[in-house]
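K.L.:
For the protein sequence lines, the chains are R and D, in the order given. In terms of my numbering, the first sequence is residues 557 to 677. In terms of my numbering, the second sequence is residues 593 to 680.
Check the hints yourself; a few may be wrong.
[To be verified] Computed list of lysine-lysine pairs in DSSO-like fashion (alpha-carbon distance at most 27 Å, straight line): (1) Lys-623(D) x Lys-638(D); (2) Lys-674(R) x Lys-680(D); (3) Lys-629(R) x Lys-680(D); (4) Lys-638(D) x Lys-629(R).
[Said to hold, decoys possible] Okay, the calculated beta carbon distance ranges per label pair: (5) Gly-637(R) x Arg-631(D): 32 to 40 Å; (6) Tyr-656(D) x Lys-651(R): 27 to 35 Å; (7) Gly-615(D) x Phe-677(R): 20 to 28 Å; (8) Ile-574(R) x Val-675(D): 41 to 49 Å; (9) Ala-608(D) x Arg-626(R): 40 to 48 Å; (10) Arg-587(R) x Ser-624(D): 43 to 51 Å; (11) Ile-622(D) x Thr-672(R): 39 to 47 Å; (12) Phe-595(D) x Leu-673(R): 40 to 48 Å; (13) Phe-630(R) x Gly-604(D): 22 to 30 Å; (14) Pro-633(D) x Arg-587(R): 17 to 25 Å; (15) Phe-644(R) x Phe-612(D): 35 to 43 Å; (16) Val-675(D) x Leu-615(R): 34 to 42 Å; (17) Phe-666(D) x Arg-626(R): 39 to 47 Å.
Simulated from the structure, these hints should not be mistaken for laboratory data. Even glycine gets a Cβ: it sits at the ideal position worked out from N, Cα and C.
This is what each chain is made of:
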Amino acid sequence: MKDKDEQLLEELSRRNWIILALLVLLSLLWRSVDVTLGVLSGGLLAIIGYLWLHRSLQLTLSEASQYTARGFKFSYLVRLGALTAALFLLIALAKVHPIALSAGLSVVVINILWITLKRSF
Amino acid sequence: MEFFAWCMIAAGFGMAIGSFGTGLGQGLAIKSAVEGVARNPGASGKILTTMMIGLAMIESLAIYVFVVCMIILFANPFTAQVVELAAK
């Protein structure tokens, strides 16, 4: 992969943390543990999912073989399973605030929209 | 009782439609990216970066659908009202 493209993905990864920190700070205005926990857990899940996808795609594309393709499929399934299990635990058992959780999960989307808008103007 | 049955139907259909759309979208994105790389291997870095960003964006749609389904099933804000009405 080219340096510039690698830089873009790294910039996205770095900015994910900044957006999460800003969202958590914003959530403190509600003065509710549930809201802050929802934003934090949602954001962490989104960022971990993004990093996991990035890593498995990088591994698959760096050496394309039958083994790596199978590994990617396995990693994809494990990632989705882990994500769904975590969300189920957070919503059904931990009872975090659902809107705060959705806001936290939007970290990557906000980041991508920000990059797109920045590049458009 | 009917309310809970409808909740389950809504969650099931929501998840089915959401995952169908996401699967279709991801499949089309990967297909186009692979075709692009096959046609122009020199642009593979740019294409794969865009694909990666697109996949993350599409996948978040499926996650939102899943969250909404889980809210409908386990954290429905109307459950208390419905139980209260049913008890009357």
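K.L.:
Could you run down the list of hints and mark each one as holding or not?
P.N.:
Each hint tested on the structure:
Distance check on the hinted pair: Lys-623(D) and Lys-638(D) sit about 15 Å apart at the alpha-carbon level, within 27 Å; holds. Taking the CA atoms of Lys-674(R) and Lys-680(D), the gap is near 56 Å; set against the 27 Å cutoff, the hint is violated. For a cut-off of 27 Å, the pair hint linking Lys-629(R) to Lys-680(D) is broken: about 52 Å separates their Cα positions. The straight-line distance between the Cα atoms of Lys-638(D) and Lys-629(R) is roughly 23 Å, inside the 27 Å bound, and the hint therefore holds.
Separated by about 35 Å at the C-beta atoms, Gly-637(R) and Arg-631(D) satisfy the suggested range of 32 to 40 Å. Remark: the range hint 27 to 35 Å for Tyr-656(D) to Lys-651(R) is contradicted by a beta-carbon distance near 19 Å. Remark: the range hint 20 to 28 Å for Gly-615(D) to Phe-677(R) is contradicted by a beta-carbon distance near 33 Å. In this structure the hint that Ile-574(R) and Val-675(D) lie 41 to 49 Å apart at CB holds, the actual value being about 43 Å.
A hinted range of 40 to 48 Å for the beta carbons of Ala-608(D) and Arg-626(R) is inconsistent with their spacing of about 27 Å. At about 47 Å, the beta-carbon gap between Arg-587(R) and Ser-624(D) stays in the expected band of 43 to 51 Å. Look at Ile-622(D) against Thr-672(R): about 20 Å separates their beta carbons, and that is not inside 39 to 47 Å. With their beta carbons about 42 Å apart, Phe-595(D) and Leu-673(R) fall inside the hinted range of 40 to 48 Å.
For the pair Phe-630(R) and Gly-604(D), the beta carbons lie near 27 Å from each other, so the given range of 22 to 30 Å is met. Between Pro-633(D) and Arg-587(R), the C-beta spacing of about 55 Å breaks the proposed range 17 to 25 Å. Take Phe-644(R) and Phe-612(D): their Cβ atoms lie about 21 Å apart, and the range 35 to 43 Å is violated. In this structure the supplied range 34 to 42 Å is violated for Val-675(D) paired with Leu-615(R), their Cβ-Cβ distance being about 49 Å.
The hinted range of 39 to 47 Å is not satisfied by Phe-666(D) and Arg-626(R), whose Cβ atoms lie roughly 34 Å apart.
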